[in-house]
Amino acid sequence: MPQTPTARPARLATRTGPGRRAWPWGLSVIAALALVLTAWQVWDGTPSDYYAAIAVSMSQSWSNFFFGAMDPAGTVTLDKIPGSFWIPALAVKVFGYSAWAVILPNALAAVAAALVTAVTARRLAGVRAGLLAGSIVAVTPILVAVSRSNQPESFFVLGLALTAWASVRAVQARSLGWLVVAGAAIGLSFQFYMLEAWAVWPALAAAYLCTAQSWGRRLAHLALAGAVSLAASLWWVAIVALIPSGSRPYIGSTVGDDPWEMVFGYNGLGRFSATADSSAYESFTPPFSGDPGVLRLFNAQLAGQIAWLIPAAVVALIVLWVLRFPRPLTVLLTVWTLTFAAMFSVVAGMHQFYTAALAVPLGLAVATALAWSVHRGKVWPAVAIVGVAAATAVAIGFATGGYSIPVSLLQAAVAAVAIALLLSRHRAPLVTGVALVVGLLLTPTVWSAVTIAHPNAINPVAGGVSEMASGFGAAGGAGGRGAAAMDGRGGDGAAGPGMSGGAPNGAAGPGPGAAGGAGLPG
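Just so it is clear: in the sequence shown, position 174 is 173 by numbering that gives the first Met the number 0, and no numbers are missing.
What the hints contain is simulated information worked out from the structure, not anything from laboratory work.
Take these hints with a grain of salt, some might be off.
[Claimed, not checked] Estimated spans, in silico, between C-beta atoms of each pair: (1) Gly95 / Ser213: 54 to 62 Å; (2) His453 / Arg375: 50 to 58 Å; (3) Pro201 / Lys377: 24 to 32 Å.
The beta-carbon is built from N, C-alpha and C at its ideal position, and this holds for glycine as well.
Please put together the full structure from these sequences, using the hints given.
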């Protein structure tokens, strides 16, 4: 693989881009926009009873806090590493239980993710790229929807944003220190969403292998960063595994009371199979996103949530290759985007909000390509990207119906104006820039705004399409593992401690010896 020097396009673009004063003002606007979209009226929100009960239980004692106990007595844990619940649990402990105490931390995590993404994109291609990338993350409909609930997704998106920031610095500087920080950030993300965090590693490793260093140095750096990432990922699992089962809660969703099984079985192999028998991991594979397939991200359940900029991002990645953006950084953005898109296309079942993780790579790819094309003095990339984004909006708008049709047509009209201005020799930069942003983001922004009036804590979706979120009447319980099943015998489908139901839709939990994961909301 050729060794390619990594330029510092941020410095070049900053000199020709907006003045320094535009940056803090722009960040302030992004933060305010993201805060309004994710946090407005959360004090009147209705959080998921299941996850709210977990936050309350974790706030009762430090033991419950560490293990992620889902009942105050500390008899059984939730079905995942409790990293995403530590901050909400602390909020409940400090302020007492309320809707905002368990939802606002997620909203703030989404705001932080938008800002960190903006900072990362500025390093990639300057102020323009930073402000646009932050805006894209801030108005991503499904991220807004899930951040207005107490579902454990926003912290993972923040972890990915931090990983992108450290990864870009590591690749630009060919720095072992920053590579280790990136590995640690992946480990932090693992505490929020487990194995999904490791999906960043192919992109980071491929990008670092493209940097201008000796093969031995690159491989040694990656090995050390990988070891740090592994330790940062698995420390909780290892500690829990070393504690005798009688001295800790039962590990939820497992057959053998084993945290390794919870992470690599129930939340690993089990997520890629829609069937299970007595010898398989009985993972709950949410049915809300349609069947796996190449075009899954464009189906009726997912298109309006995340697909607005996917075609534009594909064009953007092509632009980066054609216009010779620094190869290691191009590899990073390309492999990251394609890996996550492929992962969400093949996983057996998922909530729509899982795809919020795509917001960061999509924002970085589109914003970087547009800013880099300006730096290279090329107009056709911006014309292609905004044109494809507008066409995608119209397609999704007509497929969805309702208010989406006129809004998407308006977006297309503004995109046409932006294209005309881009092709004009006498264009006004400010007017052209505003038209370009509106032509890219109008319809998804409206979807995000509409979401404020349509909360759904069980299966959050954006745009007011709550009919897509049907499937749960109430929060599921612990399925086949109730408090009485901690002696190693199989549960009987009763509700878990403090929970309000059994399996989804009131169905009985799995039979003797099963894990009971099917009763969990996600």
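Which numbered hints fail: Number 2 only.
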